[in-house]
Amino acid sequence: MAVQTVPDSVDHSNPGTQKAPAFELRASSFTLPVIRLLALDIDAVEAELAPKVEQAPGFFQNAPVVIELGALPPQGGSVAFPQLVGVLRGLGMIPVGVRGGSTQQNEAARAMELAILGDNGRTSRAAAEPWAERAAPAASPPAAEVQAQPAEAPGHVGSLLIDRPVRSGQRIYAAGGDLTVVGPVSSGAELMADGNIHVYGPLRGRVIAGLQGDLSARIFCRDLQAELVSVAGHYRVSENIPAELKGHSVQVFLDHDVLRIEPMG
Amino acid sequence: MARTIVITSGKGGVGKTTTAAAMAMGLAQRGHRTVVIDFDVGLRNLDLIMGCERRVVYDFVNVINGEANLNQALIRDKRCDSLYVLPASQTRDKEALTPEGVGKVLEELSKGHDYIVCDSPAGIEHGATMAMYFADDAVVVTNPEVSSVRDSDRMLGILSSKSRRAKQGDEPIKEHLLLTRYSADRVERGEMLGVDDVQEILSLNLLGVIPESQAVLNASNAGIPVVLDNASNAGQAYNDMVARYLGEDLPMRFLATERKGIFSRLFRG
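First to last, the sequence lines map onto chains A and F. Residue numbering for the first sequence follows my numbering, starting at 1 and increasing by one per position. Residue numbering for the second sequence follows my numbering, starting at 266 and increasing by one per position.
Please keep in mind that the hints were generated in silico from the structure rather than gathered at the bench. Beta carbons are placed, not taken as given, at the ideal position from N, Cα and C, and that holds for glycine. Errors might be hidden in some of the hints.
To be verified - Partner residues are not named here, just some residues of chain A that face chain F (Cβ under 7 Å, in silico): (1) P165; (2) R167; (3) S168; (4) G169; (5) P184; (6) S186; (7) H234.
What the hints assert, rightly or not - Looking from chain F toward chain A, a few residues come up when the C-beta cut is under 7 Å (computed): (8) G296; (9) S412; (10) R415; (11) D418; (12) R419; (13) L421.
All chains should be built: construct the whole structure from the sequences, respecting the hints.
Take a look at the structure:
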């Protein structure tokens, strides 16, 4: 957190006794990867997660992650948090909290010093408000407000279709699926998907397919003017995209760890 | 119920206040009861452009804080009976604009008026988000150059995600593009983006193109909204803009370079 200057409202009338404050409480929002548990078998989680981490080690190294419990079967049973935390830490991640759990699950998570995070309903505005204005819950996350999804893409899971222009500064993330944008994507906008990304208007923003490391993900677009294209961590910025491909219909994919941009039809 | 129009841009100095004054005056001249509000708390200018700076007693923030009622703060325009100005406070900062306070003032204004024009400050911070939050329509003022176009694009994203309409899942804000400070000469020489280029990037309904004109500066200095200067290109273009906003279908003017004779050089408005 950046050190803030002393706010205007501080009383300077008595400089002899008035000490400048050493810190300021602020709320800030972060985009964190979410591990959505679908089963209670932690060994299976480890078996599936390890290869993903291997594919994109830079992405996961020291990455704070949130464990999502909402997708577990309702009658549930207990989550082996000590084992899960051990697995995640072993893979280089820093589990910081859980979300969407039952009361017992939250208790168990708290015992492992995991924070209980709010649901997606929390808007970006609420996160931007000064800390003091909200009553801090007893089990606040250690690193201020943690918002597990991008501000403009409220917790969407599965494939996603956007039929309006994606403007500069907007981020859209299709977690666990494909993302299709029918309109234009402006310079300064960011599209992310765990699967493929399709863009039918001019593509001028940044596109990241296979965000969680899916090597088979592809990007398809009709008018390539992107600032950056990336598949599973392999990327190219605009400068390195051949000029003859700009403005054309292309697909972007990985071919033996090499990012290829090929014209289409 | 009044319709609330926000005049916004992201970037500063593109002509928001000039446009807000022109829009408000144009609507009022056509008989609509209109109020124009300066949201630029701390850097107010609308009162100067409207020529009412010497009649400001109470302001927007006074009303929000309950220190004055609306009738005390509203300034009736001397040229047009159906136009009122609600000036910003020059001595406070933008934090004085609370969502509840702004909402209450707009609701009260909405009872006695047909249109509420909100002049947004530059930037995308609190003042600008407050100005656009309650809007029904947005006029995004853009200069034909890349940084202004990008900032407008960013503002459009904010309009579609952070407004009240977006948050309540209502019909989205109706967005319009207004190109200002357009110079056909410079477009022809390739020094400026053309209308089509900007349209291509922003893909938005074009409400008007205002040519770069000395008349705008003269009007600002004199405190007369340029829309009243019907001899000037800019005044006519603003009148077209208001007519288009109200549903008239007019061709875009002043897009081509004019061949200037010696007389038009001398008497150019």
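Report holds or violated for the interface hint on P165 (chain A), using the least CB-CB distance to chain F and a cut-off of 7 Å. With Cβ-Cβ at 6 Å, under 7 Å, it holds.
With a cut-off of 7 Å on the beta carbons, see whether S168 (chain A) makes it to chain F. The hint holds - S168 (chain A) has a Cβ within 7 Å of chain F, the shortest such distance being about 4 Å.
Restraint satisfaction for R167 (chain A) [CB to CB of chain F, less than 7 Å]: holds, 3 Å
So, R415 (chain F) near chain A? Judge it on the closest CB pair being under 7 Å. Because about 6 Å separates R415 (chain F) from the closest Cβ in chain A, which is inside the 7 Å limit, the hint holds.
Tell me if S412 (chain F) is really an interface residue toward chain A, meaning its C-beta lies closer than 7 Å to one of theirs. violated, 11 Å
Proposed interface contact between G169 (chain A) and chain F, which counts if any beta carbon pair is under 7 Å: holds, 4 Å
Hey, does the H234 (chain A) contact hint survive, CB to chain F under 7 Å? With Cβ-Cβ at 27 Å, over 7 Å, it is violated.
Can you verify the interface hint for R419 (chain F): is its Cβ closer than 7 Å to any Cβ in chain A? holds, 4 Å
Just to be careful: measuring from the Cβ of G296 (chain F) to every Cβ in chain A, is the smallest value less than 7 Å? violated, 35 Å
When the nearest CB of chain A is found for D418 (chain F), is that gap smaller than 7 Å? holds, 4 Å
With 7 Å as the cut and Cβ atoms as the points, is S186 (chain A) at the interface with chain F? holds, 5 Å
Can the hint on L421 (chain F) be confirmed by a CB-to-CB distance to chain A that is less than 7 Å? holds, 5 Å
In this structure, the hints that do not hold are numbers 7, 8, 9, in rising order.
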